[in-house]
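Using the sequences and the accompanying hints, generate a full structural model.
This is what each chain is made of:
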Amino acid sequence: MNQPILSVADLSVSFRTDAGWQKVVRDISFDVAERQTVALVGESGSGKSVTALSIMGLTPLGSSRVEGSVKLNGRDLLALPDRQMRKVRGSEIAIIFQEPMTSLNPVHTIGHQVSEALLSHGGVSRTEARAEALRLLERVRIPAAKSRFDEYPHRFSGGMRQRVMIAIALACRPKLLIADEPTTALDVTIQAQILELIKQLQEEEGMSVLFITHDMGVVAEIADRTIVMLNGEVVEHDETSAIFRSAAHPYTRALLAAVPKLGSMTAFTHPRRFPIVDRTTGVADEPQETPDTVKPDDQPLLDVSGLTTRFEVRSGLLSKVQARVHAVENVSFQLRGGETLALVGESGCGKSTTGRSVLRLTEPLKGSVRLEGKEILQLSPEEMRNQRRHMQMIFQDPFASLNPRMTVGASIAQPLIVNALADRTEAPDRARALLSQVGLQPDMAGRFPHEFSGGQRQRICIARALALEPRLIVADEAVSALDVSVKAQVINLMLELQSQMGLAYLFISHDMAVVERVSHRVAVMYLGEIVEIGPRAAIFGNPQHPYTRRLLDAVPVPDPARRHVQRVVVNEEIRSPIRAPDYVPPIRQYREVTPGHAVVVDA
Amino acid sequence: MRSDLLGYVVRRILHSIPLVFGVSVIGFGIMHLAPGGPLSVYTLNGSITAADIERLRVSLGLDQPLHVQYFGWVKSMLEGSWGYTLFGGRPVLDVILERLPATILLMGTSTALAVLIGTLLGVLGAVRRYSIFDYLATTGAMLALSFPTFWFGLMAIYIFAIELRWLPSGGMYDFGEEGNVLNLLQHLILPLLVLTLVLVASWSRYARSSFLEVIQQDYVRTARSKGLSGSRVLWRHAFPNAVIPLIALLGVQLPTLFSGALVAETIFSWPGMGRLFVDALSMKEYSVLMGTVMFTALLVILGNLIADIAIALIDPRVKLS
Amino acid sequence: MTTKLTINRRTLIKSAAASSLILPATGLFRPAIAQSNRERVIFTTNQEPVQFNPLLYANGGTDTIVEALVFDALWDVDDQGNFIPNLAAELPTRENGGISQDGRTWRVNLKRDVKWSDGQPFTAKDVEFTYQTIVNPKVAVRSRSGFELIDTFKVVDDYTVEMTLTRPYVPFYWAWQSMHIVPHHLLSGEADINTSGFNTEPIGTGAYTLKSRTAGSHMVYEANAGYHRGAPKIRQFIHKFVPDQLVAYGQMRTGEIDVFGLMGIPYDRWDEAKALPNRNFVLAPQPYVQFIYFNTEKPQFTDPKVRKALYIACEMQKSIDDINFGTTPRTLSYLHTSHWAYNNALKEETANPQLAEKMLDEAGWRRGADGIREKDGVKMKFTMSTTAGAPPRQASQQLFQQNWKQIGVEMEIKNMPGSVVWGEYTTKSQFDTLLVAWEPPVGMDPDYASRCHSKAIGNGANYTQYKNPEVDRLLDEGVTQTDVEQRKETYGKVQQILLDEVPFAPQFSVVQGNMSTSALNGFKANQYVTDACWNVHEWAWA
Amino acid sequence: MTDAAIATRPNNRSYASLTLRRFLKHRMGVLGAVVVVLLCFSALFAQFLAPHDPLLINTSQRFLPLFASWEFPLGTDDLGRDTLSRLLFGGQVSLMVGVVAMLATMVTGTLVGLAAGYYGGVVDNLLMRLVDTLLCFPQVFLLLVIAAFVPPTILSISLIIGLTSWMEVSRIVRAQVSTIKEMDYVQASRGYGASNWRIMLVELMPNILAPVLVAATLKVATAVLMETYISFLGYGVQPPMASWGNMLTNAQGYFDTVPFLAILPGILITLTVMGFNFLGDGLRDAFDARLKMDL
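Residue numbers (numbering that gives the first Met the number 0), protein chains in the order written: chain G, 0 to 602; chain R, 0 to 320; chain X, 0 to 541; chain H, 0 to 294.
Think of the hints as simulated: they come from the structure by calculation, not from any bench. The beta carbon of each residue, even a glycine, is placed where N, CA and C say it ideally should be. Some clues are possibly wrong.
[Stated by the list, open to error] SDA-like cross-link-like pairs, simulated, lysine to any residue; straight-line CA separation at most 25 angstroms:
1) H:K24 to G:G61
2) X:K487 to X:D360
3) H:K180 to G:A419
4) X:K297 to R:P34
5) H:K180 to G:V324
6) H:K180 to G:V417
7) H:K180 to G:G61
8) G:K319 to R:L112
9) H:K180 to G:L360
10) R:K74 to H:L129
11) G:K319 to H:D131
12) X:K137 to R:R127
13) H:K24 to R:R127
[What the hints assert, rightly or not] Pulled a few chain X residues facing chain H out of the computed Cβ check, cut under 7 angstroms:
14) P265
15) I319
16) D321
17) A387
18) G388
19) P390
20) Q393
21) A394
22) Q401
23) Q405
24) I412
25) N414
26) M415
27) P416
[Unchecked claim] Now the in silico label distances, taken between C-beta atoms and shown as ranges:
28) H:L37 to X:K273: 43 to 51 angstroms
29) H:L125 to G:M383: 23 to 31 angstroms
30) G:A579 to R:Y129: 48 to 56 angstroms
31) X:K273 to R:E176: 27 to 35 angstroms
Here's what the structure looks like:
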């Protein structure tokens, strides 16, 4: 191996908090060689982003302390005065961040922001910088880059902004590119595009890349070497293939075990739990396939037909309708007791709105929603409130789903009290019982939400939803925000509860690999419509609609062996369902591929 | 410059119409429904009888029902007449306009100074957060905000005008010095000091928190990661973003500014609109009161409008259409 | 012509204001003020005149400065209380035939070569027009006191007018003393005199003409060279507005101003002011007397004995000594002790709480369980109101409150903004008690009918609703008497009855401490008028 | 906040104790709290602390200077009343006005903001237009206009101040409510059938309490200031009752001769306002402090 470009040794980072200085990164060491891609993997709070920022010298002044050494081509960056460090930034090391929506300055044009990077390191005139910036924008494949050069960031989508960020990073041909979770905030098809772009550019430019991510699939796709971090420390450091083949540290193994793999379910008919890895020994159990929970009743538990929800975009003096968001357009599906129907699709496809419309948290425009034969959309507010106990919802953000000013016990007891299912003396007991049902200690009832981790909170939310003994639970991206190992646990819990209580799930998710694991049937949504619906095996095994295929292709495969396979990525942005007020949606025809597997016939 | 700006301005003006209407109704309502009235001034005259007062009520039109008086007033406003003062029979607009320059001078100078100094202090405080300077500036601002303006003014007069005799205690010019800029400046110092101090205090706090927020934004990190110099990051990247909410605030703060000017004018005998208002108030001179209130409201609306336009020019995210 | 010009100017300003915020620079720059100290006199008040039409101003205050400088009345009153002809050629009397024997017809001969400052001659038409304006229902003239007695008004010739009164009325002199003559040729064409441009650009026959006005700062007057009583000796008169009394006093001390009048030097500074070199301290008795007004229709105050008891319980002299630093002379009547009609036989009971208690006991007001007196279920509890924010008055109130508390009377201070307390609260007699300082209603004539004649309840100014047939009779008689000694006796009786029955309890007569630069001659106090510039045409530098 | 951070965090029992701990670290905030407590204490127990009857006029010993005698440590005023006693009782009035005005402000502002934020649509539009309109008036204008026409009592002055200063509070509350009502936990409670009232009371109110509390402390400060402004312009609390504002006004006439009569109440007003301002600032930081750990 040749001389490393970047050599990090005994790096420690502390932050000033209310409780004094707290070390968040402890004595980590690693190298990045020329043209090499190194992945820094870890769950949230493991200190991986802090590591990246301290390499760049971008940790907040005054409230942070960085120790150890960071050598770039042998020069210790930590010892450099800020004036010289500034010259390093951008020209020798460049960085791209996780949030493309906020990483560009809203008051400057993108062209300006790219050429500024060129100008700041000198040597070019304004016209040269402009020409070079344009070339860069073209290189990151921004369509019509010339005409969009003088536009402001708010006119660009997240994926496009991330491309602009990459263009800025490439501006001065850095030797090292640090990519801090560059695709996490993006949709899966866009993620694939960006990953592919980074790979290509790396080859063309001969850069080294330090890639920070929590996603083992992405790691497998991109990294030569992998560093696994836990609680600010490096626990494992090896070739990527070696780590995937034979991880030494129990944590790494647990992490790998929890990663859902697309295609791992072909052999099974029913959903299947994730294996649980003992964190000390690293030994995994072999999960059983869940029993068949789907009730063979004639009447479906939930029957949705022709559901349509639109939002009006109003503006102007008289609040005239300028446009409509066709969030949900003529959606029909059925769900039986004990069954899991997954609604999949990318942001803006209307899957969440469908979930909310079914529960009437958002009022649909038309259609019918029958729960056990009872039409829900016709109920008066009073009747509706009574009906709500049969169907509950779990939300995506575990931090926003619990009232921070209420003990979790009270939060769980609230639904019981509201629906007069328990009085104030019984409710706390029921709450404690529910907590143990979701795998938490009953005495945690007296605590407040901020004392719990994300996974625990999601369990509490499930407990709250269960309090009313519903028959249907709408899980809106319920595990998407969780770290991978926690995600596995929560999914296991959901599967367990399904078999115990015969719950039906409307499982809304963008994560195809998770969906494959948990669902009985799958509906793919695109621009507010269901484009394909069918049994899980049929959708994953025999996808018919091009969009379904694109979705499946974009999923990163956690298998380093396949890493150098160039993927075909369509450079297309996700389209928006905003239409003119006079837009009349076309009537869709569906073709039945096999019994229960239908796909829309494109006009 | 964007061509749709004009349309934006027109729409914003149209949006202000209900506001102006609301201000007139509320202003008129409060003044006329409250007990007492302008005729009480006459009572203090020895030769006045109750019959005289009744006659005056009729001749000044104060005997008419409230809504008739209101619509009469609105009608004349729409015709461009701001009415006549009850006690001088002068056009209200004349009375206000002749006081306006003094108020604008005082308010304008103090605002400009305060914005300049306050922003500077705020930026420094935000950049050097937790430093001694920041601590002193924050504490100092708090302290300044806790002074009753008039007390501070009185103290200033006591020290600088009465004890030290360095500066005049009030007024705008000495006699025979009208138009003498140096003389004007001498008179301006104390009221300016008092008004500006409070404004700087609040302004530096706003600026500090706005900058603090902005310099923690991702795009500032991006700018730093590009290797830009500290000053360029601050002035080119952080500044325009931090200034946007401040401009909006300046528009919103206008009424507070008038309040401050009113007090300062009273203490320092500054011949501006604020004193006109206080004088009119003691006599319950309806037409002048309504005139001043409407005039200020219009200025406030205008100020907000200008602020909005300025923001629209700076911030590309503002939809002009 | 004037009208048209005014309208044009207004329209201009309006359109300027409407189109943009172009500010009239005139607010900042005004014609120069005479540089030489001997060419000008600087006079200060704390308020700014708002109405320059002498018939229209609301309350005698700063507006009287314009009146005194720019306009003339038919006759003035001097500091001895004598009427001096001004626009009239001589004072009409029975002796010279100006007043008919029955006292009802008044003939006034006017001076012949008086000119308005725009050059137009002054004639009987102007007097007639002034009269018509005063009685014109559309014009907001502050008072018609005396003029409503005019039955017929006749212009005999260009320089003679004749008025017939409905009844003989000696104080009629005061009517024409207090209303100054306005020009017929400028105002008769005005559609609405209330809003005429004349009200800010006055033209009179007076000693000075108004040259310029700087809002909130000062007004500049120039001497009227052709003044019919002789050109004023000082070329420029500057009226400066200094809102703060203390600041103005400071400026007087430093010589920034020449005359400090109308608002008075704070009582606590008098000793200091008197000792200042090169300054004249001028003691200026004002027509006002400060009273406690009792609303005699309230059950607590129907009995004159009770009112008297309350009066003698108050430490009036102490209030003068301690609150006003002994500056304001005690009076027992509605007149100053120095007024020609003051009844010197009036006798004061010094503050005597024991006697007051005894009188209240006798009147049937006995202490209840809570220590407050009561009678027939009515408690001796009431409020006292005056303008909010007038410290010396508030101090007096607090002293009275303490005095009355000792004798089992509870008074609550209920001060309100001037626009409330002097509104219907006063004029419709809604108050319990008031603390007021008022001047006599008919100039400085001792006639007090509108304040205490039973006919003046409701439409006059008898806000205490006091009724006494004997007082009514004396008042009716007093206005018909032409002999001064007779009048003195009549009004002496009225004063005695009022002191016995106390519908309003006099506290002190108001005096002001005014000042002028010693070098200025002619600045004199006049207790018979409310304006400080009554003799401005006589002022001169030494 | 991160899971790791939570794991290492000592077991806090509630938001209140967490906030309190954070607040106690805020030096100026604690100073403010101490000042406020002392002032409230002296106002509450003015009856026992004051050496004299604050209303007792004794003109034979007026204008006693500062520290001249043990009997009148802070001298006497123009009517020979004990300055110390008047300051103590004046504080009672000033603080009372401050607190009552604050309550009026908070109640009105919260109700309006809650209604506008929660119901949105027409209700929101109407209420916020009203707020906009009222905000066009400079507050001192509004205050004076009403104060000039309403007989001044402690209650009326407090209400006038309260009713002319609730607009910002309603804006704060509205902004908070319209954010929080979209939060998942509010959606969840709708999801299990909670009524609007319940959502507003149980879910929304406790969560907007922090900014409301901060605003409340700051409002006491401004209300105390406002009382002095009204008094200064002559429309404030009426004698014989002392308030710092009217003591100041009264002292104006003796400003150059007995300046401490004006200086003392001025200092106390400043101290009070400053105390509440610092307290509010400290509370704001204590409530808001987010640990920005995961950069």
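#### Entry: K180 (chain H) paired with V324 (chain G) [C-alpha distance capped at 25 angstroms]
Holds - the C-alpha atoms of V324 (chain G) and K180 (chain H) are around 22 angstroms apart, at most 25 angstroms.
### Query
Does the CB of P390 (chain X) sit less than 7 angstroms away from some CB of chain H?
Cβ of P390 (chain X) sits 5 angstroms from chain H, so the hint holds.
### Task
May I ask you to test the hint 23 to 31 angstroms on the CB atoms belonging to L125 (chain H) and M383 (chain G)?
Once the Cβ atoms are compared, 27 angstroms apart, the range 23 to 31 angstroms for M383 (chain G) and L125 (chain H) holds.
#### Entry: Proposed interface contact between A394 (chain X) and chain H, which counts if any beta carbon pair is under 7 angstroms
Interface hint status for A394 (chain X): holds (6 angstroms vs cutoff 7 angstroms).
### Task
Could you grab the alpha-carbon distance between K24 (chain H) and R127 (chain R) and see if it respects the 25 angstroms cut-off?
Holds, at roughly 20 angstroms.
### Query
Does the Cβ pair L37 (chain H), K273 (chain X) satisfy 43 to 51 angstroms?
With a Cβ separation near 47 angstroms, L37 (chain H) and K273 (chain X) satisfy 43 to 51 angstroms, so the hint holds.
### Task
Under 7 angstroms, Cβ to Cβ, is where M415 (chain X) needs to be relative to chain H, so tell me if that hint holds or is violated.
This interface hint holds because 5 angstroms falls under the 7 angstroms limit.
### Query
When you check the alpha-carbon spacing of K24 (chain H) and G61 (chain G), does it fall within 25 angstroms?
holds (18 angstroms)
### Query
For the pair supplied as a hint, K180 (chain H) and G61 (chain G), is the alpha-carbon distance within the 25 angstroms limit?
Violated, at about 37 angstroms.
### Query
Does Q405 (chain X) pass the interface hint, meaning its C-beta sits closer than 7 angstroms to a C-beta of chain H?
violated (12 angstroms)
#### Entry: Pairwise beta carbon distance, K273 (chain X) to E176 (chain R), judged against the given window 27 to 35 angstroms
Holds: the Cβ-Cβ distance is about 31 angstroms, inside 27 to 35 angstroms.
### Query
Hey, does the Q393 (chain X) contact hint survive, CB to chain H under 7 angstroms?
holds (4 angstroms)
Going through the hint list in order, the structure does not satisfy hints 2, 7, 8, 12, 15 and 23.
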